[in-house]
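Peer 1: Protein sequence lines correspond, in order, to chains H and R. Residue 18 in this note's numbering sits at position 18 of the first sequence, with consecutive numbering throughout. Residue 562 in this note's numbering sits at position 308 of the second sequence, with consecutive numbering throughout.
Read the hints as simulated data drawn from the structure, not as lab findings. This one's a predicted model, so the numbers in the text were calculated from it and none came from an experiment. Watch out, some of these pointers could steer you wrong.
[Said to hold, decoys possible] Examples of chain R residues toward chain H, derived with CB under 10 Å: (1) R466; (2) Q468; (3) L472; (4) Q477; (5) V481; (6) P485.
[Claimed, not checked] The calculated BS3-like cross-link candidates involving lysine-lysine, where the alpha carbons are at most 30 Å apart (straight line), are: (7) H:K252 to H:K170; (8) H:K118 to R:K553; (9) H:K143 to R:K495.
Built from N, CA and C at the ideal position, the CB exists for glycine as well.
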Amino acid sequence: MSTPMVDARDVIKSYAGVEVLKGVTMSVSRGEVTCLIGPSGSGKSTFLRCINHLEKHDAGELFVDGNLVGYEERNGRLYERNNIEICHERSQIGMVFQRFNLFQHLSVLENIVIGQVKVKRTAEHAATERARQLLARVGLDGKEKAYPSQLSGGQQQRVAIARALAMEPKLMLFDEPTSALDPELVGEVLDVMKDLAQTGMTMIVVTHEMNFAREVADTLYFLDHGVIEESGNPREVLAAPKSERLQSFLSKVL
Amino acid sequence: MSTNGDAPLRVVPVRHYWQWVAGAVAMLLVAMLVHTLLSKVPTGQYLCHGAAAARHCVRQLQWRFGWNVVGHYFTSSEIFDGLLLTLELTVIAMAAGIILGVTIAIMRLSSNRLLSTTAWLYTWFFRGTPVYVQILFWFNIGALYESFRLGVPFLHYDFFHVSSSALFSPFTAACFALGLNEGAYMSEIARSGLISVDEGQVEAATSIGMSRAQTLRLVILPQAMRVIIPPTGNEVISMLKTSSLASTAGVIELLGAASNISATNYLVIDLLITASLWYLIFTTVLSIGQFYLERYFAKGALRTPPPTPIQRLKRDVRGILSKFRTHQDVPRTT
């Protein structure tokens, strides 16, 4: 097939001298759903944040859609991209956060419209139209005028997904999207994500939902201490973990 | 739960006897205050009628607080001109202060050490010296610089220049001093607002491709306003009164006008009351404005906005009326 959507080669990242990512290599094909699992502090979220350049990786190569993230290679040198280029790259990568991070001062509709109008320069009425369609898609039509604080966690997270989709991303990143939710609200968010996966969206999901990984993911990666310990078909990996670390991790979470 | 069949149990509310006592004492003090404010005292003069044996005299009385004098000067042109200057000073100094303050706060939070240190120094200096000194400084700046030039630094080439006395009239000197001083205080208020906004909001804005300027303008500042507005309202009210220091630089604002008048007629207290009443009127207006501004910027932060005073009054009146109409309903337990 064509170039992979995400191609990471030996990505290294440290915070204040502590190596959080110790050389992560993975490749995500277009239309594929990839799940990252692992104990907290294993570097899953950090890796996800490197992909849309919320964090700068220190070493290694990271390509999204064939382009180096945050840099440009010319005449054997890496030139750091300027802010405008980085913002443009980011606008094509959707991200969903554990704590939703909806804009608190804007209504649900405005949350979905603002990026389209201010970043993508879509006309206001077209943006509003698209926002309404997306709200219907995540099952929240009728909530246009509500403010985030008036919604349940599950509803907020579905708005957050709609907000990310409004930018027409080529890649969606999910950073533990259901970890801050009450158990009975997890299902409604996962359902939206499953629907999204069926439309052929390329997705990278950091999650603790093993059933979701088993059902939806094409590839599963297990990260521990900043390295990929094990990867492969989720059903096989989860059914018969080879490494001792994954075995002990699964015994705790399943 | 009920022990006597279907008969409803009477609910006896707790009696707060000490609250009643405290309330009565407070009412007494207020009554005494009103009484003395409206009391009259003898002038020492007598008004006499008739002649010789039929002559009778009446002691003349006047307001202790000179309300007739207050009434006379309240709308006089001197006081009005002063009031206008006070309002102009307040508006200009606060506008400058808010713009400067937000700028300094953003600089202070910048990752650029030179910018953040400059901002820190600014706040340190202007907060650390009396505003009175600052007003006198700008008023007397001509002693340091004869004129101000706009040109190329260090080369003696000017686009234009203006003499200090022309640039720094008493009014502009006061505006400079009050505005720069206010900028220092506003920067701390703005900074507290900016850091009160959750880091996740920045990440979300960044992740949909907003630039840093867009994130600040569209996401952070509107949410910071909720925290910034109450202390800013405080600052406006404070500025309204601090602007009276401008009289030391020769600006005849409200208090300056009042003391100019009392310098000729010696009715010091009466004119202080006149000025104070105007200050009170404008602080009241500003407080009302602040309430509605706070309500506007609270949208999204609260599930239900707080009621306006009018809504609260309606609710209270309705509550009292319903008490008169029916006896308090007693919950029936079964």
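Peer 1: Which of the stated hints cannot be reconciled with the structure, identified by number in ascending sequence?
Peer 2: 5, 6, 7, 9
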